[in-house]
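Visitor: Generate the whole structure from the sequences, applying the supplied hints.
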Amino acid sequence: MIAELGLGALWLAAALALLQLVLSALGLGKGRAELLSGVRPVAVAQAVLIALSFGSLITLFLRSDMSVLLVAMNSHSAKPWLYKFAGTWGNHEGSMLLWVTVMGLAGALVALLERTLKRETHMATLGAQAAISLGFYAFLLFASNPFARLNPAAPDGQGLNPLLQDPGLAFHPPTLYLGYVGLSVAFSFAVGALLTRTVDASFARAMRPWVLGAWVLLTIGITAGSYWAYYELGWGGWWFWDPVENASLMPWLAATALLHSVTVLATRDALRAWTIMLAVVAFSMSMVGTFLVRSGILTSVHAFAVDPERGTFILGLLAIYIGGALALFGLRVGTVREGRQFEAMSRETLLVVNNLLLTVILGVVLVGTLYPLMTEAFGHKVSVGPPYFNAVAGPIALVLMLAMVAGPLTRWRRDVPRVVGGRMLWPTGLMLGTASALAVAAWGRIGVLPFLGLVVAVGVALGSLIPLTKRNLRRTPLFTYGMVLAHLGCAVSLGGMAAESAFTAEKLVAMQPGESVEAAGWRVRFDKVMPLAGPNWVAMQADMAVSRGGDETFLHPQNRFFSDPPTNTTESAILTTWRGQLYIVLGDRLEDGRWQMRIWWKPFVTLIWLGGFMIAAGGVLTLIGRERRGWMLKVRKIRAGEWA
Amino acid sequence: MKSKHQRLILALAALVAIIAAGLLAASALKDEAAYFYVPNDVKTKGVEPGKAVRLGGMVEKGSLRHEADGVTIRFTVTDGKAQVAVTFKGIAPDLFREGSGVVAEGAFDTQGTFVASNLLAKHDERYMPREMEGMQYDETTHQMKGAPKP
Amino acid sequence: MKGRWLTWLPLAVFAALALLFVGGLLRPEGRVIESKMVGKPLPAFALPAGASDRPALASAQFAKGKPRLLNIFASWCVPCAAESPQLMALKQAGIPIDGIAIRDARGDVDRFLARYGNPYERIGLDARSSVQLDLGSSGVPETFLIGGDGRILHQHIGDLRADDVADIMDRWKAAQ
Numbered sequence: 001m002i003a004e005l006g007l008g009a010l011w012l013a014a015a016l017a018l019l020q021l022v023l024s025a026l027g028l029g030k031g032r033a034e035l036l037s038g039v040r041p042v043a044v045a046q047a048v049l050i051a052l053s054f055g056s057l058i059t060l061f062l063r064s065d066m067s068v069l070l071v072a073m074n075s076h077s078a079k080p081w082l083y084k085f086a087g088t089w090g091n092h093e094g095s096m097l098l099w100v101t102v103m104g105l106a107g108a109l110v111a112l113l114e115r116t117l118k119r120e121t122h123m124a125t126l127g128a129q130a131a132i133s134l135g136f137y138a139f140l141l142f143a144s145n146p147f148a149r150l151n152p153a154a155p156d157g158q159g160l161n162p163l164l165q166d167p168g169l170a171f172h173p174p175t176l177y178l179g180y181v182g183l184s185v186a187f188s189f190a191v192g193a194l195l196t197r198t199v200d201a202s203f204a205r206a207m208r209p210w211v212l213g214a215w216v217l218l219t220i221g222i223t224a225g226s227y228w229a230y231y232e233l234g235w236g237g238w239w240f241w242d243p244v245e246n247a248s249l250m251p252w253l254a255a256t257a258l259l260h261s262v263t264v265l266a267t268r269d270a271l272r273a274w275t276i277m278l279a280v281v282a283f284s285m286s287m288v289g290t291f292l293v294r295s296g297i298l299t300s301v302h303a304f305a306v307d308p309e310r311g312t313f314i315l316g317l318l319a320i321y322i323g324g325a326l327a328l329f330g331l332r333v334g335t336v337r338e339g340r341q342f343e344a345m346s347r348e349t350l351l352v353v354n355n356l357l358l359t360v361i362l363g364v365v366l367v368g369t370l371y372p373l374m375t376e377a378f379g380h381k382v383s384v385g386p387p388y389f390n391a392v393a394g395p396i397a398l399v400l401m402l403a404m405v406a407g408p409l410t411r412w413r414r415d416v417p418r419v420v421g422g423r424m425l426w427p428t429g430l431m432l433g434t435a436s437a438l439a440v441a442a443w444g445r446i447g448v449l450p451f452l453g454l455v456v457a458v459g460v461a462l463g464s465l466i467p468l469t470k471r472n473l474r475r476t477p478l479f480t481y482g483m484v485l486a487h488l489g490c491a492v493s494l495g496g497m498a499a500e501s502a503f504t505a506e507k508l509v510a511m512q513p514g515e516s517v518e519a520a521g522w523r524v525r526f527d528k529v530m531p532l533a534g535p536n537w538v539a540m541q542a543d544m545a546v547s548r549g550g551d552e553t554f555l556h557p558q559n560r561f562f563s564d565p566p567t568n569t570t571e572s573a574i575l576t577t578w579r580g581q582l583y584i585v586l587g588d589r590l591e592d593g594r595w596q597m598r599i600w601w602k603p604f605v606t607l608i609w610l611g612g613f614m615i616a617a618g619g620v621l622t623l624i625g626r627e628r629r630g631w632m633l634k635v636r637k638i639r640a641g642e643w644a
Numbered sequence: 001m002k003s004k005h006q007r008l009i010l011a012l013a014a015l016v017a018i019i020a021a022g023l024l025a026a027s028a029l030k031d032e033a034a035y036f037y038v039p040n041d042v043k044t045k046g047v048e049p050g051k052a053v054r055l056g057g058m059v060e061k062g063s064l065r066h067e068a069d070g071v072t073i074r075f076t077v078t079d080g081k082a083q084v085a086v087t088f089k090g091i092a093p094d095l096f097r098e099g100s101g102v103v104a105e106g107a108f109d110t111q112g113t114f115v116a117s118n119l120l121a122k123h124d125e126r127y128m129p130r131e132m133e134g135m136q137y138d139e140t141t142h143q144m145k146g147a148p149k150p
Numbered sequence: 001m002k003g004r005w006l007t008w009l010p011l012a013v014f015a016a017l018a019l020l021f022v023g024g025l026l027r028p029e030g031r032v033i034e035s036k037m038v039g040k041p042l043p044a045f046a047l048p049a050g051a052s053d054r055p056a057l058a059s060a061q062f063a064k065g066k067p068r069l070l071n072i073f074a075s076w077c078v079p080c081a082a083e084s085p086q087l088m089a090l091k092q093a094g095i096p097i098d099g100i101a102i103r104d105a106r107g108d109v110d111r112f113l114a115r116y117g118n119p120y121e122r123i124g125l126d127a128r129s130s131v132q133l134d135l136g137s138s139g140v141p142e143t144f145l146i147g148g149d150g151r152i153l154h155q156h157i158g159d160l161r162a163d164d165v166a167d168i169m170d171r172w173k174a175a176q
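Protein chains in written order, with the numbering used here: chain A, 1 to 644; chain B, 1 to 150; chain C, 1 to 176.
To be clear, the hints were calculated from the coordinates, so they are not data collected in a lab. Any given hint could be a false lead.
What the hints assert, rightly or not - Label-pair restraints from in silico Cβ distances: (1) A/Leu465 x B/Thr110: 47 to 57 angstroms; (2) A/Ile320 x C/Arg115: 37 to 47 angstroms; (3) A/Ala327 x B/Lys81: 47 to 57 angstroms; (4) C/Arg115 x B/Gly62: 38 to 48 angstroms; (5) B/Gly112 x C/Asp149: 36 to 46 angstroms; (6) B/Asp109 x C/Lys40: 31 to 41 angstroms; (7) A/Arg32 x B/Leu23: 49 to 59 angstroms; (8) B/Leu10 x A/Leu425: 18 to 28 angstroms.
C-beta: ideal position from N, C-alpha, C; glycine also.
Guide: In structure tokens:
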């Protein structure tokens, strides 16, 4: 019954989305205002129904109802409840249902909370939002019904991909999806503003919290995903430039650019058409990413169930939305009046530089990701890996980091180059000092890119703090703290990446139980290997004792074997100290009884993810700061009105 | 007039940046994109040493040898028409074995041996490692039953 | 105005991208690992019986003048259950089907067949996947069409969907 209830609610929600689109289209197109008043209640009702539908699917998974095909394919009654719960969206159909659910809830929030936009723009935005949802509803109902029955019921399920049986990963895809949905809301705002010809600062202020929220979630998602790949794949790397990773990086790059351009539009009323363009690009990139991952037209180390048919459907949606939005952009951009002017030396200019460089990096990543597809059209099979991405995106990113220091130190509208140079004095000096010290200490031992990365990271870390100097810290607005924290996070993360690339030490050995090796100052003793059983896996686990002068610490790398479905995973053992991480992977047993071991010492590698979370936290502070200020202004206005 | 002038400079700077990035990307793609070869392609077309390529085929039965250091393996990849000798230092993927499909990433050395930096094996279901054959997992006690093979 | 064409450039770039994606979708062969065995004779094997009410299976039973289907399945595989109606339909159409159960146990196979129907004339038990590897099959389920001369004519990777049935029938008829 629950499956039928969920399916019924899904159909009803789809019907309401259609109604929402028709009401807003007729209301705006034919100028019938009475129709528009129905849009908001419909948006809220749609959210309630779709939440009910998603709740049904969660219930089916928690109850392990094996008469539902999706549950039988992706769950198992012997699985811990947390993974049954996470299994709801650990598959294609469930994740698409999660997507429309979040979209419905976001639509309800836009309907209920938005008060500053012009009414027509608001309704056009909700109409656009309904149009996007409608495509996903059609996708679910016609091509990937999550509630399909399996008759007769399966005796037991086929399990969840064991790679997904990890608390971090259970919540990683939904975080990215929430970010994608946030970008879809920004897209709807852009389409609404284009349709009603109201591209201005007030539109930017309405869109900004959604962009910020989406960007925070994408940042968390990418950071967590990177850490997951680092410890789960057991390859010692934290970013592989794999198509699936690039699929999440590209929307983030676009969202980062949008975040800065929307600030220019909200504060200075400049970059109007460009901001609209970026909002379209950011959402396109999340759709392109979803398409690349789900259609399987690019091969990836991350296992995903792929299906060309579904790829075709997503491509169809992509063509309609993005093609439609870009056509609308071409038609309407002439009506967008030119924004305010600014001088060549101004914060606006530096934010334009930021946008330009981010867009170029986005282009570089996109071309590298799609290049195998392009050459395949000419009959060559190629793969593009880290050498390309590092060599091209790396230097551009370093220049971008320098612009990031200069931006907050430059005034809006107009500044004097010499004065800006003066403010940059300390970071520049520090960078030169670091460069010479590093050159003396480690010349020839580290690569050019890690060398420059370390130098820039140090300079940016100092430079990002300068906006807090010479001002009353208690009266400094929260969003300034947010910006400083996010920029500092970039420096911290860059420092971690550069340090890891420059100073990692690796040792690959075969050891008998009882033997010891030295690796980067660590003494690693291999005691024994024992079989071990978990709830739905068995493993070979090694006992290792590691020490660096002082006391021994025990580490337990594993090879895990899941039975349902049969899969093998590597559980690396990681020892975190403030100076870095010791990372041990257990390999195969050789015929003479030795075991292969891979040992890495990675100095300051944790900074990479610490920086990522600092960036996200900075985004949260900014979001709270901006929203609180908007709310306070509103309260003040109301009071003034009462007193007048 | 002044602002027009400044905009032109900005636009030009943007153009230069984009063209520079484009050239950089094009040259890097030309050098770094790794082509996919099967052994017969290697025999007929030849691959210059040091160029990053991917080699795909089957691991020939009876060709797998372990070096004394325990972490280097040598084997032959075949596509039925030609053979290529491959050496790999590291931990081979779990599904890597003789007779199975493999994709090796790496480059040829001057002697014509393919030095793999990474091996990707074809995926397979229900797989039990050699060391644990004969053991059974007991669902009620969460313990392994039976003894592993010596 | 700096040229109207600039405002249409994004749309043009996007159209080019979409074309590229369509091209990629239309070329699926790169993604499926086809067996190198297609066109070659079936490798020799003799497997014990996989179910208690069906005879055992050996490669010698194939080269007898009539094309047959060889279905690789397992009782623990949900897509195999999903494709069982399609196999039953093929059996109804008079196509002889043999099965190889992969890494399975006879009792489990019996239960599976009782539940989802038994389209097979003979069933072999490949407990260690050795025949599966020899066939060049990379997963379950897969279905091979074996010609009357014992050659492998076609490999279908993944479960048979309802719209694959006609294609398999045509291929079987053409092989006769």
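Visitor: Give a verdict on every hint.
Guide: Results of checking the hints against the structure:
no. : hint                                    : verdict
1   : A/Leu465 x B/Thr110: 47 to 57 angstroms : holds (52 angstroms)
2   : A/Ile320 x C/Arg115: 37 to 47 angstroms : holds (43 angstroms)
3   : A/Ala327 x B/Lys81: 47 to 57 angstroms  : holds (51 angstroms)
4   : C/Arg115 x B/Gly62: 38 to 48 angstroms  : holds (42 angstroms)
5   : B/Gly112 x C/Asp149: 36 to 46 angstroms : holds (40 angstroms)
6   : B/Asp109 x C/Lys40: 31 to 41 angstroms  : holds (34 angstroms)
7   : A/Arg32 x B/Leu23: 49 to 59 angstroms   : holds (55 angstroms)
8   : B/Leu10 x A/Leu425: 18 to 28 angstroms  : holds (26 angstroms)
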